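Number of protein chains: 2
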Amino acid sequence: MSVGQRPGGRSARVRAAVLTAARDLLVDGYAELTVERIAQAAGVNKTTIYRRWADLEGVLGDLLSEYASEVVPIPDTGNLDTDLEELALLIRRGMTGEPGELITALAAAAPRNPRAAQIVRGFFAERFGLAQAVIDHAVARGELPQGTDAPAAIEVLGAPFFLRLLVVDKPIDEEFARRTAAAAAAALRAGVFSRYLSVQSCEHTVGSPE
Amino acid sequence: MSVGQRPGGRSARVRAAVLTAARDLLVDGYAELTVERIAQAAGVNKTTIYRRWADLEGVLGDLLSEYASEVVPIPDTGNLDTDLEELALLIRRGMTGEPGELITALAAAAPRNPRAAQIVRGFFAERFGLAQAVIDHAVARGELPQGTDAPAAIEVLGAPFFLRLLVVDKPIDEEFARRTAAAAAAALRAGVFSRYLSVQSCEHTVGSPE
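If you read the sequences in order, they're chains A and B.
Note that UniProt numbering has the first sequence beginning at 1, numbered continuously upward.
Note that UniProt numbering has the second sequence beginning at 1, numbered continuously upward.
If you are wondering where the hints come from, they were derived from the structure by calculation, not from laboratory data.
The model shown is predicted, which means the values in this text are computed figures rather than measured ones.
It cannot be assumed that every hint is accurate.
Identical copies carry no separate label here, and so any pair may be met within one copy or between two of them.
Here are the simulated lysine to any residue pairs, SDA-like style, with alpha carbons at most 20 angstroms apart [what the hints assert, rightly or not]:
#1 170 / 115
#2 170 / 132
#3 170 / 30
#4 46 / 25
#5 170 / 17
#6 46 / 94
#7 170 / 128
#8 170 / 126
#9 170 / 97
#10 46 / 16
#11 170 / 137
Given the sequences, and given the hints that come with them, work out the whole structure.
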């Protein structure tokens, strides 16, 4: 048996052990988390972790990629307000659970760790990109004007969650999520995200009568 | 002269030298900043810094307190929309300059450093508290209903700046500031921050007829 080679066998087991250990330890928060503790809990050598993930943020980034690969159902209720509210409640669930701890840890590491910065930016870019469907659907239904800046609107929806996660010491509860959704909806309906367009969004004016 | 004691003389000089060095080095960003480099640039011993400020975040917190003590003029143009726009442009100037680097550094340290967390929370609480005057003035003028949740509205105004500072790799330009202000104004005018009240805001219902 010891001569048989199963491709990825040991490697996959080590990864699973390390990610499980990191996940378990993260429950106690990021402040006390170290590569040493993860190695101990996973029953592997510290150098094994450094070789494969380079540093703590590498492990956390790998863990976040597990969440990033989960399929998130984008709300499609047929109405902008309820879609945004559902979306806000989804963001809330994501941020108050384990991914919230991971995002906090990686966002914290980002200013000193370019790889962590890349991971957390990639995660937000991907999630924000998916969420834009909610705006696109409302445009298609005629609830919002053509040319509404979907990325900007989703940023305004997501930003207050991030502020509370990292800075403001207040709960990310359902009431907060609903209010944040209502604020984004009001700004969208008032035309804020179609008045302030980025330069690229003005292309369709080419060829219009002078 | 060497026997004369000037209260705070050497201590004040050391503090000025260390803060100036930290400020100069921070221009190159937080990633490469260390106590060792600050000590070298300030011409003091590393242990002097550790004794007085405990760690790098202690130095940065002291530096931020210099900004926090600056008097910031709160806009009072007589109109909610222009007040919020002026306020957003003020936030933009603060975040894109040196305080932005400091806030990034301290927010990054916060999840692992309770003192850094306290400093950055205190800074935001103080600034957000001042900014609420803009909402209070609008309520006094009758532009917004009594009981509008000013802290919540200011959070929604400030949050997108923070998201761009730490995560979203897009410029914090004047157009962004104006759009963010317009979004907050639209949500306020739509009554979002008077519909979703925190429990404390409901005190005035005590004694109302049943």
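Going through the hints against the structure:
1. 170 / 115: between (29 angstroms within a copy, 18 angstroms between copies)
2. 170 / 132: Only across copies: residue 170 and residue 132 sit 17 angstroms apart there, 27 angstroms inside one copy, limit 20 angstroms.
3. 170 / 30: For residue 170 and residue 30, only the intra-copy Cα distance (19 angstroms) is at most 20 angstroms; the inter-copy one is 27 angstroms.
4. 46 / 25: For residue 46 and residue 25, the Cα distance is within 20 angstroms only inside one copy (16 angstroms; across copies 33 angstroms).
5. 170 / 17: neither (34 angstroms within a copy, 37 angstroms between copies)
6. 46 / 94: neither (30 angstroms within a copy, 42 angstroms between copies)
7. 170 / 128: Cα proximity of residue 170 and residue 128: across copies only (14 angstroms, versus 23 angstroms in one copy).
8. 170 / 126: This pair counts as between: shortest inter-copy Cα distance 15 angstroms, intra-copy 27 angstroms.
9. 170 / 97: within (16 angstroms within a copy, 27 angstroms between copies)
10. 46 / 16: Within one copy only: 15 angstroms inside a chain, 42 angstroms across chains, cut-off 20 angstroms.
11. 170 / 137: The answer is neither: 32 angstroms in one copy and 25 angstroms across copies each exceed 20 angstroms.
Checked against the numbered hints given earlier, the structure breaks hints 5, 6 and 11 and satisfies all the rest.
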